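**Q** The chain contents come next:
Number of protein chains: 2
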Amino acid sequence: MVIGGGSAGISCATRASSLGAKVCLIERKNLGGTCVNRGCVPKKLMWEAGRVWKDARELETVGIAPNLGPFDLQALKTRISDKIEAIRESYASSLEDAGVTVLRADAELLDDKQVRVKGRILSAKNIVLATGGSPILLDIPGKDLLSTSRDVFEWTEIPKSLLVIGGGYIGCEFASIFRALGSDVCIVDAGDRLLEQFDEVAVGHAQDILTARGIKVRLSVEPTSLSKTAGKITVEFDSGPAEAVTHVLCAVGRSPNIDELGPVTESMERAENGALKVTDRLETSASGIYAIGDAADRLPLTPVATRDGEALADILFGEGARLVDLDLVSSATFLYPPIAQVGETESGTAFDGITTPLPSGVLSAETIEVYGKINSDSATGQLKGAVLIGHSAADEIAWIASCLAAGGRSEDLTKATAVHPTLAEEVVGRR
Amino acid sequence: MVIGGGSAGISCATRASSLGAKVCLIERKNLGGTCVNRGCVPKKLMWEAGRVWKDARELETVGIAPNLGPFDLQALKTRISDKIEAIRESYASSLEDAGVTVLRADAELLDDKQVRVKGRILSAKNIVLATGGSPILLDIPGKDLLSTSRDVFEWTEIPKSLLVIGGGYIGCEFASIFRALGSDVCIVDAGDRLLEQFDEVAVGHAQDILTARGIKVRLSVEPTSLSKTAGKITVEFDSGPAEAVTHVLCAVGRSPNIDELGPVTESMERAENGALKVTDRLETSASGIYAIGDAADRLPLTPVATRDGEALADILFGEGARLVDLDLVSSATFLYPPIAQVGETESGTAFDGITTPLPSGVLSAETIEVYGKINSDSATGQLKGAVLIGHSAADEIAWIASCLAAGGRSEDLTKATAVHPTLAEEVVGRR
Numbered sequence: 074m075v076i077g078g079g080s081a082g083i084s085c086a087t088r089a090s091s092l093g094a095k096v097c098l099i100e101r102k103n104l105g106g107t108c109v110n111r112g113c114v115p116k117k118l119m120w121e122a123g124r125v126w127k128d129a130r131e132l133e134t135v136g137i138a139p140n141l142g143p144f145d146l147q148a149l150k151t152r153i154s155d156k157i158e159a160i161r162e163s164y165a166s167s168l169e170d171a172g173v174t175v176l177r178a179d180a181e182l183l184d185d186k187q188v189r190v191k192g193r194i195l196s197a198k199n200i201v202l203a204t205g206g207s208p209i210l211l212d213i214p215g216k217d218l219l220s221t222s223r224d225v226f227e228w229t230e231i232p233k234s235l236l237v238i239g240g241g242y243i244g245c246e247f248a249s250i251f252r253a254l255g256s257d258v259c260i261v262d263a264g265d266r267l268l269e270q271f272d273e274v275a276v277g278h279a280q281d282i283l284t285a286r287g288i289k290v291r292l293s294v295e296p297t298s299l300s301k302t303a304g305k306i307t308v309e310f311d312s313g314p315a316e317a318v319t320h321v322l323c324a325v326g327r328s329p330n331i332d333e334l335g336p337v338t339e340s341m342e343r344a345e346n347g348a349l350k351v352t353d354r355l356e357t358s359a360s361g362i363y364a365i366g367d368a369a370d371r372l373p374l375t376p377v378a379t380r381d382g383e384a385l386a387d388i389l390f391g392e393g394a395r396l397v398d399l400d401l402v403s404s405a406t407f408l409y410p411p412i413a414q415v416g417e418t419e420s421g422t423a424f425d426g427i428t429t430p431l432p433s434g435v436l437s438a439e440t441i442e443v444y445g446k447i448n449s450d451s452a453t454g455q456l457k458g459a460v461l462i463g464h465s466a467a468d469e470i471a472w473i474a475s476c477l478a479a480g481g482r483s484e485d486l487t488k489a490t491a492v493h494p495t496l497a498e499e500v501v502g503r504r
Numbered sequence: 074m075v076i077g078g079g080s081a082g083i084s085c086a087t088r089a090s091s092l093g094a095k096v097c098l099i100e101r102k103n104l105g106g107t108c109v110n111r112g113c114v115p116k117k118l119m120w121e122a123g124r125v126w127k128d129a130r131e132l133e134t135v136g137i138a139p140n141l142g143p144f145d146l147q148a149l150k151t152r153i154s155d156k157i158e159a160i161r162e163s164y165a166s167s168l169e170d171a172g173v174t175v176l177r178a179d180a181e182l183l184d185d186k187q188v189r190v191k192g193r194i195l196s197a198k199n200i201v202l203a204t205g206g207s208p209i210l211l212d213i214p215g216k217d218l219l220s221t222s223r224d225v226f227e228w229t230e231i232p233k234s235l236l237v238i239g240g241g242y243i244g245c246e247f248a249s250i251f252r253a254l255g256s257d258v259c260i261v262d263a264g265d266r267l268l269e270q271f272d273e274v275a276v277g278h279a280q281d282i283l284t285a286r287g288i289k290v291r292l293s294v295e296p297t298s299l300s301k302t303a304g305k306i307t308v309e310f311d312s313g314p315a316e317a318v319t320h321v322l323c324a325v326g327r328s329p330n331i332d333e334l335g336p337v338t339e340s341m342e343r344a345e346n347g348a349l350k351v352t353d354r355l356e357t358s359a360s361g362i363y364a365i366g367d368a369a370d371r372l373p374l375t376p377v378a379t380r381d382g383e384a385l386a387d388i389l390f391g392e393g394a395r396l397v398d399l400d401l402v403s404s405a406t407f408l409y410p411p412i413a414q415v416g417e418t419e420s421g422t423a424f425d426g427i428t429t430p431l432p433s434g435v436l437s438a439e440t441i442e443v444y445g446k447i448n449s450d451s452a453t454g455q456l457k458g459a460v461l462i463g464h465s466a467a468d469e470i471a472w473i474a475s476c477l478a479a480g481g482r483s484e485d486l487t488k489a490t491a492v493h494p495t496l497a498e499e500v501v502g503r504r
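So the sequences go chain by chain: X and P.
Each residue of the first sequence is one higher than the one before, starting from 74 at the first, in my numbering.
Each residue of the second sequence is one higher than the one before, starting from 74 at the first, in my numbering.
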């Protein structure tokens, strides 16, 4: 019995069924989870649209496309909704084809064998929690005026002015997207830096890029209250001036959806962020109950969820599986351009290369400086990690992860030759 | 003495000077050679502008940016010229800073020690030919009506209709760029396929993409004559109907600039395309005369030219050098999206994955299918080569080349995990 029909649950259910298991999947709302319905997929589509629009606006600024006209957010939203609906339907058919029973309902976990669904008690030998996560809401006066990453996709107009609370990847991505679509944007963060999961030096460059794009960044500042007057939301802080904006996005983190499964979960071992601790068989501290995806204390990323879902099916019904090596997992934040990272980047001997991509400053008024760092062991040259900022960083990083997996050394980057003109040539083929 | 101030000559001269040699560089026109003045750099900038415009037009087609206005080619040309001028100037200063004497003149090679420049005879212990290459012109009636890749950057308007003769990388790139800017485009080729240097199966997909973008492709057909009537150029062929267009681009290949160096070159050993054969010390069959860049029988690519230029300086004045491994050189053709390749792709066990990138069909009316193939040894899993078609293929391929250099195996691609949603995830992190 799989509770949750997102990336993790669907991949686990489909594979378990293909291995001969009798599988029931319970989903309280839409198939596809956060990724498809209010995460990766609509975000990437908005990011792509924002990229095209930003690039076109830059051509306008330098006189190459002098007369652009408006951007129709509603038309974009319709195209995105249609795509999401198509993905949901394809998931529904593949689950059906695989012979998985899908129930649309809330689920309450009763013990390691039983779940209550619509008042009925269902039992299964193995229970898999794949319930995902949800945005955390700040608990301050006026919190009803906050939007979350769920709400962003429902906005009916491009914000005239947007305050983003939280400079993590979600906050920085929506700040970038709405700035590209024309909003005045300010990001505030309680900490002293943005994008905590990424290399500190690289994030410094990323912050410069955000600033160059016209996004205001305020660090070490916490909102204390929100209030609404005459169509604007005023946000007060523990220090510094208030901000008066049309929209406020709260992006202070996400928390696993565990508690709503019922009191049984209270005794299960949790990580600091509330995710369920799991063994290398993805079993929680409650024997017979497994967790995958954002509900588990792994990495809250779709590819990890999908691969862990498959691995769990192989562990329970197939020939076993080794879990994904989290040190070889690529991650990215879709700024303009994106920042992407794999492995360890903070220590060791680093190659630093700051460069200016070719179209920048030619097809745009400003010059945007990008960045790359390859970390390798100073004694052996063995590659340990990399961080890139560049238009195709999110794709390139996967191949760098593959180089790490292959035990590549910095000399291997020198032996290879890149295409000219690309950003990769600033690193590959250099001595 | 270095004859030719393009990528190869400049890198050789600068490095040789830094190693203590007394260096003179002779350039008959502008510093930067084909790459900077009428190749990689202006082409990539036009390609980037075309990409933005194509993407914006697609948003227009689906109603997201409903009212785009015109594209100003003249404004683009001015921005590109300014950039080229800046690069030329930076080359001039770095040569000056390095202590290289630069002469602006034609050069005639007299023997392995002497060169005639502006009527004076100069001599040097080592002579380096870095004279680059030029477009080949078809010798058919009406050939004066042909433009080449040199002329394209001088065009004062976007062609209403464009016939491209030659389906190699230059022909396919300009066909794609001008199609993106609004031209009606037809590519003809005498052979039975496009892009001969690229993997045949991948090129089949690339041709489907060109066709989906509205480019007409006619294979196994040779132009026999051109004539002009009422503002149009009519091109007749050995079979099939004539084409009447406003512009004709001849892109049937490039030939090394050797003969204009004088009769001394007649006795030097040549490859089939006319390039000078060189040893692994980059020496021609005439002892003491060296060749680098497109003048040499290596790969006619800027990064190879640059690296060979440096290597030659190291061989002559430093501690020697091993030449770039040509099996690890990435190459790409900038279509929308680009195709990129490294290593051997035709044989062995191939991973085939045809996929649809996320924005395609959502932010555009049509769905464009892209393609990827990883070739690995069927027994050992050792990676042998790859070909990709995708928006960031030209950057990604360099890291795949690095994986090849590292002796990576197909299992290493499985161990790594990619970012979602990207194209790289269709290969990296799959079983």
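No lab work stands behind these hints: they were computed from the structure.
Everything numeric in this text was worked out from a predicted model, so none of it was measured.
A few of these clues could be false.
Note that the list lumps identical chains together, so a pair holds whenever it fits in one copy or between two copies.
In silico lysine-lysine, DSS-like type, Cα no more than 30 Å apart, as pairs [claimed, not checked]:
#, residue 1, residue 2
1, 488, 350
2, 198, 186
3, 150, 350
4, 198, 301
5, 127, 150
6, 191, 102
7, 127, 156
8, 305, 233
9, 233, 127
10, 127, 198
11, 95, 305
12, 95, 216
13, 191, 233
14, 102, 289
15, 289, 198
**Q** Indicate, hint by hint, whether the structure satisfies it.
**A** Results for each hint:
no. : hint        : result
1   : 488 <-> 350 : between (43 Å within a copy, 23 Å between copies)
2   : 198 <-> 186 : within (6 Å within a copy, 87 Å between copies)
3   : 150 <-> 350 : neither (37 Å within a copy, 59 Å between copies)
4   : 198 <-> 301 : neither (52 Å within a copy, 81 Å between copies)
5   : 127 <-> 150 : both (18 Å within a copy, 21 Å between copies)
6   : 191 <-> 102 : within (14 Å within a copy, 81 Å between copies)
7   : 127 <-> 156 : both (23 Å within a copy, 21 Å between copies)
8   : 305 <-> 233 : within (10 Å within a copy, 50 Å between copies)
9   : 233 <-> 127 : both (16 Å within a copy, 28 Å between copies)
10  : 127 <-> 198 : neither (53 Å within a copy, 54 Å between copies)
11  : 95 <-> 305  : neither (54 Å within a copy, 70 Å between copies)
12  : 95 <-> 216  : neither (44 Å within a copy, 73 Å between copies)
13  : 191 <-> 233 : neither (44 Å within a copy, 65 Å between copies)
14  : 102 <-> 289 : neither (37 Å within a copy, 47 Å between copies)
15  : 289 <-> 198 : neither (53 Å within a copy, 60 Å between copies)
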